[in-house]
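So the sequences go chain by chain: D and A. Residue 1 is where the first sequence starts when you use the working numbering, and the numbers rise one by one after that. Residue 1 is where the second sequence starts when you use the working numbering, and the numbers rise one by one after that.
Incorrect hints may appear among the rest.
Keeping only pairs whose Cα atoms sit at most 20 Å apart, straight-line, the calculated SDA-like set for lysine to any residue is [to be verified]: (1) LYS166(A) to ARG60(D); (2) LYS166(A) to LEU146(A); (3) LYS166(A) to MET261(D); (4) LYS166(A) to GLN110(D); (5) LYS166(A) to GLU143(D); (6) LYS166(A) to VAL182(A); (7) LYS166(A) to VAL256(A); (8) LYS166(A) to PRO104(A); (9) LYS166(A) to GLY95(D).
Hints were generated in silico from the structure; no laboratory data involved.
This is what each chain is made of:
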Amino acid sequence: MTDPVHTLAVEGITVGYDDRVVVHDMTLEIAPGAVTAIVGANGCGKSTLLRAMARLLRARTGRVLLDGTPIDAMPSREVATVLGLLPQAPVCPEGIAVADLVGRGRYPHQGWFRRWTAQDDAVVEQALVATDILDLADRPVDELSGGQRQRVWIAMALAQQTDVLLLDEPTTFLDVAHQVDVLDLLVDLNRDRGTTIVMVLHDLNLAARYADQLVALTDGRLYAQGDPSDVVTEQMVRDVFGMAARVVPDPVSGTPLVLPMGRHRTGRGAQRTDDAGATVPPVELPAAQPVP
Amino acid sequence: MTLTATTGTPASPLGVGPASLRRRRVLGLAVCVLGVLLAVVASLAFGSRVVGWSDVVAGVLHPETSDIAQAAVRSRVARTVLGLLVGAALGVGGAVLQGLTRNPLADPALLGISSGASLAVVLGIMLLGMSTLTQYVWMAFAGAALASVLVYAIGSLGREGATPLKLALAGAATTAALGSGVSMVLLSRTDVLDTFRFWQVGSLGRASFAEIGQVLPFLAVGAVLAVGCARGMDAIALGDDVAVGLGQRVGAIRAVGGAAAVLLCGTAVAVAGPIGFVGLVIPHLARTFTGPSHRWLLPASAALGAALLLAADVVGRVVARPQEVEVGIVTAVLGAPVFIAIIRRHKVATL
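Produce the entire structure from the sequences given, and follow the hints as far as they go.
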């Protein structure tokens, strides 16, 4: 499925709700075949941008281009075979079985009269295996844990077999272990199938670690786009989040690690003083080690 | 991601869901069909006149006889057919409304269909001096359609379009307004009240084959549209965003499905009066064995609705012999406890 690689771009789009403009005249190209994370402060327009790219919101001006064609001009079902979407708050019907929910990801590939085929079965099974929930296939989704449930939704998006996948905060409501778990799964997808992944993420450090490309927004405008090590700087954190911070190399991954500096519990610079008032040298961070 | 599927669980027939669910669905549908058959037999056999079983058989098989008991049985045939049609229409209509709005409390009354039909009939009686059933049918149907279009239009105002919550609120407000319109007319005009009274309670007692022939096309079109929306409603069940992501045209599905619900519920209300609780309760009962898939839910709701409405009608015929209790009253008595159970289970906050 790595070929052909589809392209997604926005061209001068302005998006808003009622009389409030949230995204201003933004132009940006998503790197094909890469993992892109959209980051920024609350209300900066990252979810709105993603929703516009997913044709959930109509841009007031400008265009969203999928393979160079305005997305509004394409039949919705055709878009759905290329562009998958996992919104922030999907609804889980009461009592639905995992396999049934994942199977609904096949809809774009089925017509009014085209029945369920053996190929659909194979694709659903593949999606269940890829997300490691095959043994849950017959279980009702509402009995699963939050982490398992998120895997089910990702499996549904996988069953849709799209080359581009948009996710709106896929790690919300998950504990840190499950956040890492979901992000690992998405990177697997990207590596194994070449799926272009675009996701809105809250956690800047996880975004810097997992994304090939960061898109940083501030006040509905593009602040920076590029490799996480180039984008995440102390200046960027101040401009985008309005917060002082140190940025150091992540001892685990080598990517930028943001250490926020609030008003309390923060020594001046990287130094702190002991009880006697003497300066204590900064804590030595261990060198990055390959994780066994 | 570990690619090793550790468990030996075979991927059971995935498309149709777990084997146990499939068994439950088939069994449930079989029970529904059996229920329909039992209800039909009971409907032919029991009425305000007590007849023997031989008369039942003879009355159905030999329509030309002049025996009084057999003629009584024969007159129950049309009533039975109408009961099946109305029950099925209300069951499917309720399932469609609940599916489109993702609202477990949606029923014909919620979206203004019943009250729109009632007000139209009252106005027809008062202003146009209507008195025949045929006239009621058309007035009620027009009123139901207008009211639901109005509710949908109000519910679609503002951003995000017609959300389940806004639809429910618009429906409740419209129902209240139309209901007070009905009361206003009836309180000032006792002659209209007398004519209206029998229609309003909901009754199958006046059934005739001519009438059935008249409403059948509406019900057939409504049923076809409803089945056509089954897949779309399965997608909408996952949330509007997911449905759009799956390439479904949510607005179009709501419009077509809404038309189906108006045709089914509006026609049922027009021909038998506003019969409450069937459209609300039947889909919930059906879901207990079909699960959330509309391709199973719709036929199951049709069968269950037909069986239960007919059974309620039979109960109404025999509890107060030689008088009859209208089916609308029986369904209200039977449906209220189920309604309360649903509310308790869903916690109204999720509405």
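Okay, the hints, checked on the actual structure:
1. For the hint linking LYS166(A) to ARG60(D), the alpha-carbon distance of about 25 Å lies beyond 20 Å, and the restraint is violated.
2. Taking the CA atoms of LYS166(A) and LEU146(A), the gap is about 18 Å. The hint holds against a cut of 20 Å.
3. Our distance criterion of 20 Å between C-alpha atoms is broken by LYS166(A) and MET261(D), whose separation comes to about 44 Å.
4. Distance check on the hinted pair: LYS166(A) and GLN110(D) sit about 31 Å apart at the alpha-carbon level, beyond 20 Å; violated.
5. About 29 Å separates the Cα atoms of LYS166(A) and GLU143(D), which puts this hinted pair outside 20 Å; it is violated.
6. Of the supplied pair hints, the one linking LYS166(A) and VAL182(A) is violated, its CA atoms being roughly 24 Å apart against a limit of 20 Å.
7. As the CA atoms of LYS166(A) and VAL256(A) are separated by approximately 19 Å, the hinted pair is consistent with the 20 Å bound.
8. With a C-alpha separation of about 14 Å, the suggested pairing of LYS166(A) with PRO104(A) holds against the 20 Å cut-off.
9. Our distance criterion of 20 Å between C-alpha atoms is broken by LYS166(A) and GLY95(D), whose separation comes to about 25 Å.
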